[in-house]
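Whenever a hint applies, use it, and build me the whole structure from the sequences.
Plus 483 on top of the position in the sequence shown (first one is 1) and you've got the numbering used here.
For the record, the hints were derived by calculation from the structure and aren't laboratory data.
Think of the CB as a built atom: it goes at the ideal place given N, C-alpha and C, for glycine as much as any other residue.
Some hints here could point you the wrong way.
Under the rule of at most 30 angstroms between Cα atoms (straight-line distance), these lysine-lysine pairs were calculated in the BS3-like manner [as the list claims (entries may be wrong)]:
#1 Lys660 with Lys595
#2 Lys632 with Lys595
#3 Lys498 with Lys509
#4 Lys574 with Lys660
#5 Lys660 with Lys632
#6 Lys574 with Lys592
#7 Lys499 with Lys592
#8 Lys684 with Lys649
The following label-pair restraints were derived from C-beta to C-beta distances [unchecked claim]:
#9 Asp529 with Lys632: 24 to 34 angstroms
#10 Ser709 with Glu634: 32 to 42 angstroms
#11 Thr564 with Val726: 43 to 53 angstroms
#12 Phe553 with Glu685: 51 to 61 angstroms
#13 Ile607 with Ser534: 16 to 26 angstroms
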Amino acid sequence: MKNSRIDQDIVLQHKKEVEYWRNVPKRTVAAIKFISQRGLPFFGDDEKLNSPHNGIFLGILEWISEFDPFLSNHFTTYGNTNHILSYTVRKLIDLMANTVLNHILMEVKSAKYFGIIVDSTPDITHNDQMAYVLRYVDESGEVFERFIKLENIHGHTAEYLFSTIKAMFDKVGLYIKNCVGQSYDNAVRSGKYTGLQGRIKELSPVATYVPCAAHSIHLVGVNAVSSSTTTVNYFGVVQALYVFFLLNLVVGKFCVKD
Numbered sequence: 484m485k486n487s488r489i490d491q492d493i494v495l496q497h498k499k500e501v502e503y504w505r506n507v508p509k510r511t512v513a514a515i516k517f518i519s520q521r522g523l524p525f526f527g528d529d530e531k532l533n534s535p536h537n538g539i540f541l542g543i544l545e546w547i548s549e550f551d552p553f554l555s556n557h558f559t560t561y562g563n564t565n566h567i568l569s570y571t572v573r574k575l576i577d578l579m580a581n582t583v584l585n586h587i588l589m590e591v592k593s594a595k596y597f598g599i600i601v602d603s604t605p606d607i608t609h610n611d612q613m614a615y616v617l618r619y620v621d622e623s624g625e626v627f628e629r630f631i632k633l634e635n636i637h638g639h640t641a642e643y644l645f646s647t648i649k650a651m652f653d654k655v656g657l658y659i660k661n662c663v664g665q666s667y668d669n670a671v672r673s674g675k676y677t678g679l680q681g682r683i684k685e686l687s688p689v690a691t692y693v694p695c696a697a698h699s700i701h702l703v704g705v706n707a708v709s710s711s712t713t714t715v716n717y718f719g720v721v722q723a724l725y726v727f728f729l730l731n732l733v734v735g736k737f738c739v740k741d
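Put into structure tokens, the structure is as follows:
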């Protein structure tokens, strides 16, 4: 060491720091992939180490640290300021999601023709979210259905849904004229002329509409149940109770905000 230069020591120290902070995201990304593949939630009520409420992500890393000296030392050295916080994790998730999306879009553009499947449902916070799925066939003839996006929507009219889908196509660089199939529920939004189906057919006449099989069965069940007065009364009471408690939750949320 006595013959070494100060600048060489600084460079060596810098290399060690770079290698150290490369090893941290390696473990972080591994945990993100594990959780994402299983569709599990990432975060809990807090982001504190050794807390029983810090969520699956930090919980997995804590468990790994019991067998990984590097991660154990990292948590010991940095504690709760370990640079593995939700903000950083969300940034990594966004990067990984964009990489997957770009790969899917590359496959779709290679196939050229595709079908669109959309449906919406409210989440636990009562925000209506619409899911987009693309269906396409690759060069070998294998059929793929790929989920590409989930976003909040603020309406269910055919005009609003069409503009939302059109904006999504424009954003990802797909041409709606190459859409040869469309599928959603059998409600008014799929009306032959005034619904979403008709609006898409105006730009892509070959976009064949395929009604949702599950929704069709549901409608059959609803009509079958409607033939029984006793059953109608029973489900009417259940529905009324659901609406009553749902409204109380919504009103309570606004009262807390006020």
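Here is how each hint holds up against the structure:
{"no.": "1", "hint": "Lys660 with Lys595", "result": "10 angstroms, holds"}
{"no.": "2", "hint": "Lys632 with Lys595", "result": "19 angstroms, holds"}
{"no.": "3", "hint": "Lys498 with Lys509", "result": "17 angstroms, holds"}
{"no.": "4", "hint": "Lys574 with Lys660", "result": "34 angstroms, violated"}
{"no.": "5", "hint": "Lys660 with Lys632", "result": "20 angstroms, holds"}
{"no.": "6", "hint": "Lys574 with Lys592", "result": "27 angstroms, holds"}
{"no.": "7", "hint": "Lys499 with Lys592", "result": "43 angstroms, violated"}
{"no.": "8", "hint": "Lys684 with Lys649", "result": "12 angstroms, holds"}
{"no.": "9", "hint": "Asp529 with Lys632: 24 to 34 angstroms", "result": "30 angstroms, holds"}
{"no.": "10", "hint": "Ser709 with Glu634: 32 to 42 angstroms", "result": "34 angstroms, holds"}
{"no.": "11", "hint": "Thr564 with Val726: 43 to 53 angstroms", "result": "47 angstroms, holds"}
{"no.": "12", "hint": "Phe553 with Glu685: 51 to 61 angstroms", "result": "59 angstroms, holds"}
{"no.": "13", "hint": "Ile607 with Ser534: 16 to 26 angstroms", "result": "22 angstroms, holds"}
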